[in-house]
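Student: Take a look at the letters that make up each chain.
Protein chains: 2
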Amino acid sequence: MAVNSPLPLAADLKPIAGIELGFAEAGIKKPNRKDVLIMLLAPTATVAGVFTTNRFCAAPVQVCKAHLEGLHMASGPMRALVVNTGNANAGTGDAGLVAANATCVALAELLQCEPAQILPFSTGVILEPLPVDRLVAGLPKAIANLKADNWYAAAEAIMTTDTQPKAASASIVINGVTVTMTGISKGAGMIKPNMATMLGFVAMDAKVSQAVLDHMVKRAADKSFNCITIDGDTSTNDSFMMIATGTSALEVNEIGTPEYVALAEAVTALSQKLAHMIIRDGEGATKFISIVVEEGRDAEECRKIAYSIAHSPLVKTAFFASDPNLGRILAAIGYAGVNDLDVSKLDMYLDDVLVAKNGGRNPEYREEDGQRVMKQSEITIRVKLARGEASTTVWTCDLSHEYVSINADYRS
Amino acid sequence: MAVNSPLPLAADLKPIAGIELGFAEAGIKKPNRKDVLIMLLAPTATVAGVFTTNRFCAAPVQVCKAHLEGLHMASGPMRALVVNTGNANAGTGDAGLVAANATCVALAELLQCEPAQILPFSTGVILEPLPVDRLVAGLPKAIANLKADNWYAAAEAIMTTDTQPKAASASIVINGVTVTMTGISKGAGMIKPNMATMLGFVAMDAKVSQAVLDHMVKRAADKSFNCITIDGDTSTNDSFMMIATGTSALEVNEIGTPEYVALAEAVTALSQKLAHMIIRDGEGATKFISIVVEEGRDAEECRKIAYSIAHSPLVKTAFFASDPNLGRILAAIGYAGVNDLDVSKLDMYLDDVLVAKNGGRNPEYREEDGQRVMKQSEITIRVKLARGEASTTVWTCDLSHEYVSINADYRS
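Just so you know, the sequences run in chain order A and B. My numbering runs 65 ahead of the 1-based position in the first sequence. My numbering runs 65 ahead of the 1-based position in the second sequence.
Heads up, some of the hints might be wrong.
Since the list can't tell identical chains apart, any single copy or any two copies may satisfy a pair.
Unchecked claim - DSS-like mimics (lysine-lysine), calculated; alpha carbons at most 30 Å apart, straight line:
(1) K283 - K449
(2) K422 - K130
(3) K94 - K422
(4) K440 - K422
(5) K130 - K369
(6) K95 - K206
(7) K338 - K422
(8) K449 - K338
These aren't lab readings, by the way, just hints derived from the structure by calculation.
Generate the whole structure from the sequences, applying the supplied hints.
Tutor: Below is the structure:
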C-alpha cells in the first residue's frame with residue numbers, strides 16, 4: 066500500500082490529441098497480465114528523452130538513443146513507442162541488441178513506417194534473454210485496441226513490482242490556449258535515477274520544437290526524477306520521455322520566452338508528481354521523506370549530503386521504526402564526502418523541531434518532540450550548512466522488512 | 066549467530082608483556098554489563114592509530130588525534146587507553162570535548178601521569194550527552210582488576226550490537242626472536258571504515274619506533290579494516306590502534322627491512338582476521354561475501370566497483386534469499402561511476418561459475434549452477450574488467466530481515 070497515495074482515477078486522466086495507446090497480454094514473464102504497451106504518435110509530434118547513465122545501459126536504451134540521434138536524418142519523425150515489462154533486455158550483449166531491433170522492425174512493418182521511427186523500452190529482470198517472439202506476437206493485439214483514453218490501462222501495462230499504477234494529468238492556459246498534459250511512470254525498486262528515471266512518459270498537446278523539447282525534458286528530469294531515490298540502485302533501463310503532439314494552437318520554439326517558462330514549469334510540476342508517486346509506492350515504503358539541504362556552497366555538495374542521508378540503511382531503518390535515533394543523520398552528513406565541511410555551524414531540523422544546533426545536540430531539544438515527528442508518515446529533514454546559498458531537495462522512503470521480503474522474492 | 070565464526074577461546078589469547086587490561090560495569094547506558102575498558106601500557110610502548118574521516122568525527126577521536134600529535138612534545142609516551150561503550154560522544158559539540166578531556170584528566174590523576182598521555186575512545190549512540198560522571202566513577206574499579214590475561218574480557222567490554230567478542234592472537238619468529246601479538250575489535254553496524262575502522266586494537270611485544278609504527282598501522286588498516294563494509298555507513302568513531310610494547314628483543318626502526326616486512330605481514334594478517342570477524346558478525350548477516358575486482362586500470366576504479374556491488378541493497382537481498390538474480394550485480398557495476406568502462410569485455414564469476422561473458426549472459430551458464438553457489442554461506446564474486454592489472458578485494462555480508470529488526474530497535 067503506497068504512502069498517502071490514493072489510486073489515480075481513470076476519469077481524471079485526460080486524453081492528449083495526437084496520441085493513442087494500446088496494450089496486450091503477451092506472456093513475457095507471466096500469463097494474464099498486461100505487459101506490452103504501444104503509444105502511437107501523430108506525425109506532428111516531437112519527442113525528447115533522457116536515459117540512464119548506467120554503463121550496463123540496456124539494449125532498448127541504446128536503440129532509443131540511436132533513433133533519437135537519427136531524428137535529423139532521412140527517416141522522419143517518431144511514430145510509436147513500444148514498452149514491455151517482465152524483462153529488462155539488459156546485460157544481454159549483442160543478442161539483446163538484435164532482439165530490440167527486431168521489435169522495431171516488426172512494429173514498423175505493422176505501422177508501415179521505418180524501424181528508426183520506433184522507440185523501444187523494456188523493464189524487468191536483468192541478464193535474461195528477451196522472449197522477442199512472444200513480444201512481437203503481442204503487437205497486433207496492442208494495435209487492435211489503440212485508443213486516446215487508454216492512459217489508465219497504459220499505466221497498468223508498465224508496472225513491475227509497483228503496487229499501483231502511476232498517472233496524472235494537468236492543464237494550463239498560456240496565451241489564451243489551453244495546453245493539456247498527461248503522464249505515466251513506473252518503478253518501486255532499483256530507483257536512483259541519474260540524469261533519467263525508471264520509466265516515465267509525459268505527453269502534451271502543445272507544438273514544441275525539437276531543440277526546445279530537448280531542453281524542457283532535461284529541466285523537468287533534473288527537478289523531479291533526478292531527485293528521488295529508494296535504494297540507491299541506478300537501473301540499467303531508466304528512461305524519461307517527453308512528447309509534444311503539436312495538436313494544440315500553442316507553439317513554443319524558443320527557450321526562455323514567457324510561454325516556454327509557463328509550459329516548462331507546468332510539465333516539471335507534473336513530472337514531480339509522477340516522481341513522488343514512485344517514492345510513495347517504493348518497495349516496502351511506510352514513510353515519504355523529503356530531505357532539504359540548504360545554505361550550501363553549490364548544488365553538488367547539497368546533493369551529496371542529501372543522498373548520503375537518503376541512502377543510509379541506518380537512517381532508513383530508524384524512520385521505519387519511528388525511532389528518533391537522529392545521530393545517524395549527523396553520521397551520514399559527516400561521511401558524505403564534503404571534506405572541508407565545518408560541522409560546528411550546522412543546524413538540523415526534523416519538520417519544525419531544531420534537533421542539532423551548531424553541530425551538537427540543541428540543548429532545548431526534547432526526545433518527545435522528535436518522537437512526535439517520527440511517527441508521521443510524511444517527514445521533512447532540513448539541514449542548514451551555513452556556508453552559501455545553494456540548496457537542493459531529494460525525496461526518499463524508509464527501509465522496512467517488506468523491502469527485504471520483496472527483493473528476496475522478486476523473481477519467484 | 067555470526068557466519069562461520071566460532072567464539073574465540075580465552076585460552077587462545079596470549080598476554081602481551083607490557084600491557085594490562087582492566088574493565089568495569091559503569092552503567093553508561095544499561096546496568097550489569099561491562100562498558101569501560103582500560104589498557105595500561107609500559108613506558109617503553111609506542112602507539113599509532115588511524116581514525117575515521119567522518120566530518121562529524123567524535124570528541125574522543127579529536128582528543129586522541131591531538132594527544133598523538135603531541136607525542137613529540139614534552140608530555141611523554143602514552144600510558145593508557147580508555148574505552149567506553151553505550152555512548153559515542155559524537156554530535157555532542159563543545160560539551161563532548163569537555164567530557165572527553167575530563168575523562169583523560171580523571172584517569173591521569175589515578176595513574177599519576179599527564180592527561181595528554183591518555184587516549185580516549187567511545188562507541189554507542191550518537192547525539193546524546195556522555196554521562197561522564199558515571200564513566201569517571203567506573204575508572205577505579207577498572208584499575209583494580211588490571212591484568213595481563215584479560216584480553217577476552219576486554220573484547221567483551223567493547224561490544225555494542227556485536228553478538229560475540231572478537232579477538233585473536235598470533236606469533237612469529239623473526240631473527241630468532243618470537244614476537245607475540247593479540248588484537249580485539251568490535252562493530253556490527255555502521256560499518257564502512259574509511260582509512261580506519263570501528264574500534265580495533267592490536268598489540269605486540271616488539272620494539273617498534275614511532276615512525277615505523279605509524280607506517281605499519283596504515284598498511285595493516287588498508288588491507289583489512291579499510292576493505293570491509295556492512296551497510297556503507299562510515300561511523301563517527303572509527304579508530305584502529307596499534308601498540309608495540311617494546312618488551313621483546315626484536316627492534317624495528319626502519320621501513321622496508323626484512324624484519325619490517327615480516328612483522329608488517331604478520332600484523333596485517335591478524336588485522337584482516339579481526340576485520341573478517343566484524344563482517345561475519347555483521348548485523349543480521351547470514352553470508353560472508355568476498356568481492357574481487359581484477360584487471361582494472363587502477364585500484365581506485367576496482368574499489369569503486371567492489372563497493373558499488375557491496376552496498377547495493379538489491380544485491381544484498383538477493384544473496385540473503387540465495388536467489389541467483391545476478392543481473393543486479395551487473396547493474397551495480399554499471400552505476401559505479403567508472404564512466405569509460407567498456408562492459409563488452411567484462412566477465413563475472415560466482416565462485417567458479419562464469420555467469421557473464423563479454424558483458425552478456427554466458428551462453429553456457431545454467432541457473433542451477435548459480436543456485437548451487439548462492440546457497441553457500443561463503444561466496445566469492447569475481448569481476449574481470451579486462452583493462453589493466455590492478456585488483457582489489459572487499460568483504461561484505463547480505464541484507465536480511467534481521468538487519469532491519471536490529472536497527473529498527475537499537476536504542477530500546
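Student: A separate judgement is required for each hint: does it hold in the structure or not?
Tutor: Hint check:
In this assembly of identical chains, the alpha carbons of K283 and K449 lie at most 30 Å apart only when taken from the same copy (27 Å versus 34 Å across copies). When the C-alpha separation of K422 and K130 is checked against a cutoff of 30 Å, the pair qualifies only between copies, where the shortest distance is 24 Å, while the shortest distance within a copy is 48 Å. In this homomeric assembly, K94 and K422 come within 30 Å of each other (Cα to Cα) only across copies, at 24 Å, whereas the closest approach inside a single copy is 53 Å. Taking identical chains as interchangeable, the C-alpha atoms of K440 and K422 lie at most 30 Å apart only when both belong to the same chain, with a minimum of 22 Å there against 48 Å between chains.
Taking identical chains as interchangeable, the C-alpha atoms of K130 and K369 lie at most 30 Å apart whether they share a chain (28 Å) or sit on different chains (27 Å). For the identical chains of this complex, K95 and K206 are intra-copy neighbours only, at 17 Å inside a copy versus 67 Å across copies, given an alpha-carbon limit of 30 Å. In the homo-oligomer, the alpha carbons of K338 and K422 never lie at most 30 Å apart, since the shortest distance is 33 Å inside one protomer and 40 Å across protomers. In the homo-oligomer, the alpha carbons of K449 and K338 lie at most 30 Å apart inside one protomer (26 Å), although the nearest pairing across protomers, at 41 Å, exceeds that limit.
Against the hints set out earlier in the document, a violation occurs for number 7 only.
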